[in-house]
Amino acid sequence: MQYKHVSIAVAGLAIASFALAGCSSGGSDDASAPAPSRTAAAEQSTPTPTASKPAAASGVVTVTSDQIVDDQMGHTVQADEIVRNFPWSSAQAGLADRDDNEQILVHVKVTAGDRFYSTMDCLPIRVQAHGSTETYTSQGTTSVIEDDMQAAGYPALESIDQGESGEGWCAYSVTNPTDVLDLEYHRNAAASNDGTQITEQDFFSVMTPS
Numbered sequence: 001m002q003y004k005h006v007s008i009a010v011a012g013l014a015i016a017s018f019a020l021a022g023c024s025s026g027g028s029d030d031a032s033a034p035a036p037s038r039t040a041a042a043e044q045s046t047p048t049p050t051a052s053k054p055a056a057a058s059g060v061v062t063v064t065s066d067q068i069v070d071d072q073m074g075h076t077v078q079a080d081e082i083v084r085n086f087p088w089s090s091a092q093a094g095l096a097d098r099d100d101n102e103q104i105l106v107h108v109k110v111t112a113g114d115r116f117y118s119t120m121d122c123l124p125i126r127v128q129a130h131g132s133t134e135t136y137t138s139q140g141t142t143s144v145i146e147d148d149m150q151a152a153g154y155p156a157l158e159s160i161d162q163g164e165s166g167e168g169w170c171a172y173s174v175t176n177p178t179d180v181l182d183l184e185y186h187r188n189a190a191a192s193n194d195g196t197q198i199t200e201q202d203f204f205s206v207m208t209p210s
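Under this note's numbering, the first residue of the sequence shown is numbered 1, with each subsequent residue one higher.
Incorrect hints may appear among the rest.
Claimed, not checked - Beta-carbon label-pair distances, calculated as ranges:
| id | residue 1 | residue 2 | range |
| --- | --- | --- | --- |
| 1 | N85 | S143 | 12 to 22 angstroms |
| 2 | T196 | E164 | 16 to 26 angstroms |
| 3 | H130 | D194 | 32 to 42 angstroms |
| 4 | D147 | D194 | 36 to 46 angstroms |
| 5 | N193 | T62 | 38 to 48 angstroms |
| 6 | R98 | D161 | 35 to 45 angstroms |
| 7 | G131 | T62 | 42 to 52 angstroms |
| 8 | L95 | Q150 | 16 to 26 angstroms |
| 9 | G131 | E158 | 27 to 37 angstroms |
| 10 | A93 | Q150 | 14 to 24 angstroms |
| 11 | P155 | A93 | 19 to 29 angstroms |
| 12 | G94 | Q197 | 12 to 22 angstroms |
| 13 | R98 | S165 | 27 to 37 angstroms |
| 14 | T196 | A96 | 35 to 45 angstroms |
By construction, these hints were calculated from the structure, which means they are not laboratory data. Glycine included, C-beta positions come from ideal geometry on N, C-alpha and C.
Construct the complete structure from the given sequences, taking the supplied hints into account.
Okay, structure coming up:
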């Protein structure tokens, strides 16, 4: 497969939705761009970090979830397993002290689209309470507890290169979580050097315990 090495300048303050080669951090927001839209696309456990995969895996809950397809970038994301109440690390005292937060792991299968020179990882993905419309209801924690995840048998999702597929675990601190959770994928607005305009959009898929 031959990829189009098209560079993209991101419009906004941060590249949360994808990593791009040759992108500019000096872009400005496009006021005329469409507002983000919502697209439809457990048993409790407290796993203890351990080198033994079977013991840690007892906290896994299988979920059914529709695949999220990014129609412009070509990325896809689908969740198939979650772990509830994953232990907080010593570096997460602030989050652990809040009684409205729960640390949740989600196993995702990801494909990075081949339309642009970009990658996919845990950054544009979120987990939140089902049907939540509030912003910042989920905070990525993978980078903080990646070692704990690995020790417990939940290896973190690594960066997936353009046109490639992979799978792994991502961690999130979820505010006011519900029994049924939503998987969110956020795409930032951007512009490619061939004139293609990429709009900002949020995609959602319900993760139902099966």
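Comparing the hints with the structure gives:
no.: 1; hint: N85 / S143: 12 to 22 angstroms; verdict: holds, 20 angstroms
no.: 2; hint: T196 / E164: 16 to 26 angstroms; verdict: holds, 21 angstroms
no.: 3; hint: H130 / D194: 32 to 42 angstroms; verdict: holds, 39 angstroms
no.: 4; hint: D147 / D194: 36 to 46 angstroms; verdict: holds, 41 angstroms
no.: 5; hint: N193 / T62: 38 to 48 angstroms; verdict: holds, 43 angstroms
no.: 6; hint: R98 / D161: 35 to 45 angstroms; verdict: holds, 36 angstroms
no.: 7; hint: G131 / T62: 42 to 52 angstroms; verdict: violated, 21 angstroms
no.: 8; hint: L95 / Q150: 16 to 26 angstroms; verdict: holds, 20 angstroms
no.: 9; hint: G131 / E158: 27 to 37 angstroms; verdict: holds, 31 angstroms
no.: 10; hint: A93 / Q150: 14 to 24 angstroms; verdict: holds, 21 angstroms
no.: 11; hint: P155 / A93: 19 to 29 angstroms; verdict: holds, 25 angstroms
no.: 12; hint: G94 / Q197: 12 to 22 angstroms; verdict: violated, 39 angstroms
no.: 13; hint: R98 / S165: 27 to 37 angstroms; verdict: holds, 36 angstroms
no.: 14; hint: T196 / A96: 35 to 45 angstroms; verdict: holds, 43 angstroms
The structure fails to meet hints 7 and 12 from the earlier list, while all remaining hints are met.
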